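Chemist: As a plain string of letters, each chain reads:
Number of protein chains: 2
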Amino acid sequence: MYKLNWSGKWLKIKGKYEVIFKMKIASVLPLKGELQEKLAKMTGAKVVTEASVAELAQAEIILGWDEKVSEVLSGENKIKWLQAWSAGVDNFPLAELAQKEIYLTTASGANAPGIAQQVLGYLLNFARKLHVSYDLQRAHQWEIPAGIMELTERKLLIVGTGSIGQSLAQLAQAFGMKVYGVNTYGHHVMNFNDCYAITELETVLPEADFVVNALPLTPHTKHTFSKHQFSAMSDKAYYISVGRGQTTDTSALETALKEGMIAGAALDVFEEEPLSKDSTLWDLPNILITAHTAGQTNFYAERIIDSFLLNFQYYQQGLAPAKNLVNYDLGY
Amino acid sequence: MYKLNWSGKWLKIKGKYEVIFKMKIASVLPLKGELQEKLAKMTGAKVVTEASVAELAQAEIILGWDEKVSEVLSGENKIKWLQAWSAGVDNFPLAELAQKEIYLTTASGANAPGIAQQVLGYLLNFARKLHVSYDLQRAHQWEIPAGIMELTERKLLIVGTGSIGQSLAQLAQAFGMKVYGVNTYGHHVMNFNDCYAITELETVLPEADFVVNALPLTPHTKHTFSKHQFSAMSDKAYYISVGRGQTTDTSALETALKEGMIAGAALDVFEEEPLSKDSTLWDLPNILITAHTAGQTNFYAERIIDSFLLNFQYYQQGLAPAKNLVNYDLGY
Numbered sequence: 001m002y003k004l005n006w007s008g009k010w011l012k013i014k015g016k017y018e019v020i021f022k023m024k025i026a027s028v029l030p031l032k033g034e035l036q037e038k039l040a041k042m043t044g045a046k047v048v049t050e051a052s053v054a055e056l057a058q059a060e061i062i063l064g065w066d067e068k069v070s071e072v073l074s075g076e077n078k079i080k081w082l083q084a085w086s087a088g089v090d091n092f093p094l095a096e097l098a099q100k101e102i103y104l105t106t107a108s109g110a111n112a113p114g115i116a117q118q119v120l121g122y123l124l125n126f127a128r129k130l131h132v133s134y135d136l137q138r139a140h141q142w143e144i145p146a147g148i149m150e151l152t153e154r155k156l157l158i159v160g161t162g163s164i165g166q167s168l169a170q171l172a173q174a175f176g177m178k179v180y181g182v183n184t185y186g187h188h189v190m191n192f193n194d195c196y197a198i199t200e201l202e203t204v205l206p207e208a209d210f211v212v213n214a215l216p217l218t219p220h221t222k223h224t225f226s227k228h229q230f231s232a233m234s235d236k237a238y239y240i241s242v243g244r245g246q247t248t249d250t251s252a253l254e255t256a257l258k259e260g261m262i263a264g265a266a267l268d269v270f271e272e273e274p275l276s277k278d279s280t281l282w283d284l285p286n287i288l289i290t291a292h293t294a295g296q297t298n299f300y301a302e303r304i305i306d307s308f309l310l311n312f313q314y315y316q317q318g319l320a321p322a323k324n325l326v327n328y329d330l331g332y
Numbered sequence: 001m002y003k004l005n006w007s008g009k010w011l012k013i014k015g016k017y018e019v020i021f022k023m024k025i026a027s028v029l030p031l032k033g034e035l036q037e038k039l040a041k042m043t044g045a046k047v048v049t050e051a052s053v054a055e056l057a058q059a060e061i062i063l064g065w066d067e068k069v070s071e072v073l074s075g076e077n078k079i080k081w082l083q084a085w086s087a088g089v090d091n092f093p094l095a096e097l098a099q100k101e102i103y104l105t106t107a108s109g110a111n112a113p114g115i116a117q118q119v120l121g122y123l124l125n126f127a128r129k130l131h132v133s134y135d136l137q138r139a140h141q142w143e144i145p146a147g148i149m150e151l152t153e154r155k156l157l158i159v160g161t162g163s164i165g166q167s168l169a170q171l172a173q174a175f176g177m178k179v180y181g182v183n184t185y186g187h188h189v190m191n192f193n194d195c196y197a198i199t200e201l202e203t204v205l206p207e208a209d210f211v212v213n214a215l216p217l218t219p220h221t222k223h224t225f226s227k228h229q230f231s232a233m234s235d236k237a238y239y240i241s242v243g244r245g246q247t248t249d250t251s252a253l254e255t256a257l258k259e260g261m262i263a264g265a266a267l268d269v270f271e272e273e274p275l276s277k278d279s280t281l282w283d284l285p286n287i288l289i290t291a292h293t294a295g296q297t298n299f300y301a302e303r304i305i306d307s308f309l310l311n312f313q314y315y316q317q318g319l320a321p322a323k324n325l326v327n328y329d330l331g332y
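As you go down the protein sequences, you meet chains A and B in turn.
Reminder that position 49 of the first sequence reads as 49 in the UniProt record's numbering, one-by-one numbering, no gaps.
Reminder that position 20 of the second sequence reads as 20 in the UniProt record's numbering, one-by-one numbering, no gaps.
Hint data in this document are derived by calculation from the structure and do not stem from the laboratory.
Just so you know, not all the hints are guaranteed correct.
It does not matter which identical chain is meant; a pair holds if it fits inside one copy or across any two.
In silico lysine-lysine, BS3-like type, Cα no more than 30 angstroms apart, as pairs [stated by the list, open to error]:
(1) Lys-236 x Lys-155
(2) Lys-178 x Lys-155
(3) Lys-78 x Lys-100
(4) Lys-38 x Lys-155
(5) Lys-323 x Lys-277
(6) Lys-78 x Lys-277
(7) Lys-68 x Lys-32
(8) Lys-46 x Lys-80
(9) Lys-155 x Lys-32
These numbers were taken from a predicted model, which means no experiment stands behind them.
Based on the sequences and whatever the hints tell you, model everything.
Modeler: Pasting the structure below:
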């Protein structure tokens, strides 16, 4: 049985009184009452929200990340597990956490269904020309835009087969799309018709009608989409970027759009955010720009807590959390 | 065995020569070569496309409808079956066809997947505020619109559970929506969580986050959505109209949008089409207008021919076509 370590209470066990310490979980963020209760009930721990530095220093598990946590981490503390509130952890002190042997689990997947839905929104705008109809509406013009199609049987290439890619693949299958994935080794993933290794990217790009970049940012993924990749794409294909801005070479994309090397793009993430008012991207032909909105979801906290509670069942038994655990060697 | 009636050829059958007449199928429209071949091969009939009046008068089955067919119908002809090229048949001389006992099958379902996809496009624009982001993009403004949500667990009420409703229900389920249907008798339909009778419409409307009108136009459906129905809807709910324009009372909808009785609307069909340049609808708050584009699909002819060929297997045996056969009493 796992040793509980804080805020003890006396309990009669086998005829003797023993001090049972209660684990402390501290959340940086506020949590809805019902979620806080669920967390306390299912872990048996004392749950503190909007925790102070002192409270964070006493906690074994911390939910969320800010400067306070960073401060606590460098001093004396009891931290064994950090549950990040973001999917990407490229801004975390990974080397320090690795050295201190602290588990770091991400919120990966918590906003994946929302991102996948937003990507379908972009795809449907492009396929059904809804953004073109919106322009026509503004001009009071009754006109059927050219080139309206169904997503049915169109080829979707998802680069990055993590939780976003998987959610997206599942939705795209419902539309009758042919769904292909690209990941590190080309291993097969559910809901994909086929998967290819990242080394094969340029070979599979020409076939795709829609290319979705859902890559994490790692030392290996910077500018994965650059001049060569856009050249390899069909000039009837659309590029959608919802992973991390730095995985796209913005100036190469700009050239590709201007020169008609690809049919259009939807971008939710950028090399520099916020996108400056005088960026030339805003007015490129056939571009849809959203202000890093794809991850917005009304289910975020619920899904992180559910993922955390799954992991807690292992942690409680002295095992490492398994879901969304950061591999410090890979950096994600 | 069905009697074939045109363009005979001699065939040796059981040692004797017999005249085998070849049925004639005439299409009003041009057909892609491969579809024409498929049709000829699978029916054994002679297939004429872009048929003249004389050719139409000789045909037992006519694909499509125009003034020529109307002319042929009123004179001497061999027509037994009309395969419409549209889903709605409210513009056909139904009484005349009923009286002449001519089968009329519709193209219902041929554009249903495309319409369903376009409806998902509207829903995702509303849920993910993509149209709001598009306005912000035009203003070079980096801003996360308020109220972005997932479709997950939202309640979708589809009024009309025909082929459009069914395609839509299937897609919506993939998004984790709760899908309810309204049809004449409230009979259950696949992919709907529950179905209600049209008499219960006003009782179920208040619960819906999205209401999709996919009704056919019949003597019973005119202005199904009028003042009372919009009042019954939640002020956070969206109305989407993709069936027939006349099933919506436009002026009541306009009032509902102006007074904030509903959150927004997407309209693809209108009481008067084309929508005039000076219509007040174009600039209503939170409205998306498309120029009857939802039915646009790159699979239209293929799906009609497939449906026709399914029916042909029955017809060939002297039975009535079953799929999409118009019931002249109901008018659809």
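Chemist: Tell me the hint numbers this structure goes against, listed in increasing order.
Modeler: 5, 6
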